[in-house]
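Spelled out, the chains give:
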Amino acid sequence: DGGITQSPKYLFRKEGQNVTLSCEQNLNHDAMYWYRQDPGQGLRLIYYSQIVNDFQKGDIAEGYSVSREKKESFPLTVTSAQKNPTAFYLCASSPGGPRGSYNEQFFGPGTRLTVL
Amino acid sequence: AQKVTQAQTEISVVEKEDVTLDCVYETRDTTYYLFWYKQPPSGELVFLIRRNSFDEQNEISGRYSWNFQKSTSSFNFTITASQVVDSAVYFCAPRGGSASKIIFGSGTRLSIRP
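These protein sequences, in sequence, are chains L and P. At the far end of the first sequence sits residue 116, using my numbering, and the numbering has no gaps. At the far end of the second sequence sits residue 230, using my numbering, and the numbering has no gaps.
Careful, some of the hints might be misleading.
What the hints assert, rightly or not - Distance ranges between label pairs, derived from CB positions:
#, chain 1, residue 1, chain 2, residue 2, range
1, P, PHE170, L, ARG13, 43 to 51 angstroms
2, P, GLN185, L, ARG13, 42 to 50 angstroms
3, L, LYS70, P, GLN185, 37 to 45 angstroms
Claimed, not checked - Cross-link-like lysine to aspartate or glutamate pairs, in silico, DMTMM-like; alpha carbons within 25 angstroms at most:
#, chain 1, residue 1, chain 2, residue 2
4, P, LYS132, L, GLU69
5, L, LYS9, P, GLU160
6, L, LYS9, P, ASP202
7, L, LYS70, L, ASP38
8, P, LYS154, L, ASP59
9, P, LYS154, P, GLU126
10, P, LYS217, L, GLU15
11, L, LYS70, P, GLU160
12, P, LYS132, L, ASP59
13, L, LYS57, P, GLU142
14, P, LYS154, P, ASP138
15, P, LYS154, P, GLU142
16, P, LYS132, L, GLU72
17, P, LYS186, P, GLU175
18, P, LYS186, L, GLU69
19, P, LYS186, L, GLU104
20, P, LYS154, L, ASP30
21, P, LYS119, L, GLU72
22, L, LYS71, P, ASP171
23, P, LYS217, L, GLU62
24, P, LYS217, L, GLU69
25, P, LYS186, L, GLU72
26, P, LYS119, L, GLU24
27, P, LYS154, L, ASP54
28, P, LYS186, P, ASP171
29, P, LYS119, L, GLU69
30, L, LYS57, P, GLU160
31, P, LYS154, L, GLU69
32, L, LYS57, P, ASP145
33, P, LYS132, L, ASP38
34, P, LYS119, L, GLU104
35, P, LYS119, L, GLU62
Derived from the structure by calculation, the hints contain no laboratory data. Here a beta-carbon is modelled for each residue, glycine too, at the ideal position from N, C-alpha and C.
Based on the provided sequences and hints, a complete structural model is requested.
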């Protein structure tokens, strides 16, 4: 069955280490997104990609990097430059295309990152 | 500039009561879409409803209903006869007609007490 998978569900990182969060979708969606959610707050956009080999910064891209080498995959790397990385990270996808704004986003189960 | 406001931070009601969640979206776009998402304790967001800016007809689906008024920029969501399983955080999320990004409100935490 189709959907979005994120791994791992829980991730612990030592300060100064880079870590990569996985996001895979088998919905054949063109667009993919990464959001960060802090406790009691809404979602903030980190990066998004509307097509393979292309991506744009969102509202809080500093300290993060992404790649989009395959349509189904959009990994997020949290670098040591991100000063406060402890948060809940959500990946999403949507069909995109000319009616892109009409389409809702489908979300993965999320990865909870904790910096020790 | 676009701005979405969910003024209600938390709401708590007793089961079977009706509850309305408020959302105000301010934009200069003439065409846009409005989405509501539900985030249960598991964390994964679930899509609930989509409305477009040129359709102000209110809609009812089971226990859910939506009231969209373009003149006041409000897009409110009502749950009738609430149930404990409705307990979650609800996000209003508008999207401009020409934009690829959805803007998320700060969310309203809804608690339904038995």
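To see whether the hints hold, each was checked on the structure:
One distance hint, 43 to 51 angstroms for the beta-carbon pair PHE170/P and ARG13/L, holds here, with the actual separation near 47 angstroms. Our hint of 42 to 50 angstroms for GLN185/P and ARG13/L holds, since their Cβ atoms are close to 46 angstroms apart. Taking 37 to 45 angstroms as the suggested C-beta distance range, the pair LYS70/L and GLN185/P conforms, at roughly 43 angstroms. Simply put, LYS132/P and GLU69/L have alpha-carbon atoms about 49 angstroms apart, too far for the 25 angstroms limit, and the pair is violated.
Restraint check for LYS9/L and GLU160/P: the C-alpha separation of about 11 angstroms stays at or below 25 angstroms, so the hint holds. Of the pairs offered as hints, the one joining LYS9/L and ASP202/P holds, with about 24 angstroms between alpha carbons and a cut-off of 25 angstroms not exceeded. For the suggested pair LYS70/L and ASP38/L, the alpha carbons sit about 29 angstroms apart, so the restraint of at most 25 angstroms is broken. Restraint check for LYS154/P and ASP59/L: the C-alpha separation of about 22 angstroms stays at or below 25 angstroms, so the hint holds.
Distance check on the hinted pair: LYS154/P and GLU126/P sit about 14 angstroms apart at the alpha-carbon level, within 25 angstroms; holds. Proximity of LYS217/P to GLU15/L is assessed by CA-CA distance (about 31 angstroms); at most 25 angstroms being required, the pair is judged violated. Between the alpha carbons of LYS70/L and GLU160/P the distance comes to roughly 24 angstroms, so the proposed pair stays at or under 25 angstroms and holds. Annotation: proposed proximity of LYS132/P to ASP59/L is violated, straight-line Cα distance about 39 angstroms (limit 25 angstroms).
For the hint linking LYS57/L to GLU142/P, the alpha-carbon distance of about 23 angstroms falls within 25 angstroms, and the restraint holds. Annotation: proposed proximity of LYS154/P to ASP138/P holds, straight-line Cα distance about 14 angstroms (limit 25 angstroms). For the given pair, LYS154/P sits about 22 angstroms from GLU142/P by alpha-carbon distance, which is consistent with the 25 angstroms threshold. Distance restraint check for LYS132/P and GLU72/L: the Cα-Cα separation of roughly 42 angstroms exceeds the 25 angstroms cut-off, and the hinted pair is therefore not satisfied.
A C-alpha spacing of about 15 angstroms is found between LYS186/P and GLU175/P, which places the hinted pair at or below 25 angstroms, so the restraint holds. Taken as a hint, the LYS186/P and GLU69/L pair is broken in the structure, with Cα atoms around 41 angstroms apart against an allowance of 25 angstroms. Our distance criterion of 25 angstroms between C-alpha atoms is met by LYS186/P and GLU104/L, whose separation comes to about 20 angstroms. A C-alpha spacing of about 23 angstroms is found between LYS154/P and ASP30/L, which places the hinted pair at or below 25 angstroms, so the restraint holds.
Distance hint between LYS119/P and GLU72/L is unfulfilled; the C-alpha atoms sit about 31 angstroms from each other, more than 25 angstroms. A distance of roughly 33 angstroms separates the Cα atoms of LYS71/L and ASP171/P; the hinted pair therefore is violated under the 25 angstroms criterion. Restraint check for LYS217/P and GLU62/L: the C-alpha separation of about 18 angstroms stays at or below 25 angstroms, so the hint holds. A C-alpha spacing of about 21 angstroms is found between LYS217/P and GLU69/L, which places the hinted pair at or below 25 angstroms, so the restraint holds.
Proximity of LYS186/P to GLU72/L is assessed by CA-CA distance (about 37 angstroms); at most 25 angstroms being required, the pair is judged violated. Using a Cα cut-off of 25 angstroms, the hinted pair LYS119/P and GLU24/L is violated, with the two alpha carbons roughly 31 angstroms apart. Only pairs whose Cα atoms come within 25 angstroms are accepted, and LYS154/P paired with ASP54/L is rejected, the gap being roughly 30 angstroms. For the suggested pair LYS186/P and ASP171/P, the alpha carbons sit about 9 angstroms apart, so the restraint of at most 25 angstroms is met.
Proximity of LYS119/P to GLU69/L is assessed by CA-CA distance (about 33 angstroms); at most 25 angstroms being required, the pair is judged violated. Taking the CA atoms of LYS57/L and GLU160/P, the gap is near 23 angstroms; set against the 25 angstroms cutoff, the hint holds. Pair hint LYS154/P plus GLU69/L does not hold up; C-alpha atoms about 31 angstroms apart against a cutoff of 25 angstroms. A hinted pair counts as satisfied when its Cα atoms are at most 25 angstroms apart, and LYS57/L with ASP145/P qualifies at roughly 22 angstroms.
At most 25 angstroms may separate the alpha-carbon atoms for a hinted pair to count; LYS132/P and ASP38/L exceed this at roughly 31 angstroms. Under the criterion of a C-alpha separation no larger than 25 angstroms, the hint pairing LYS119/P with GLU104/L is consistent with the structure, at around 19 angstroms. Proximity of LYS119/P to GLU62/L is assessed by CA-CA distance (about 23 angstroms); at most 25 angstroms being required, the pair is judged to hold.
The structure is inconsistent with the numbered hints 4, 7, 10, 12, 16, 18, 21, 22, 25, 26, 27, 29, 31 and 33, although it conforms to all the rest.
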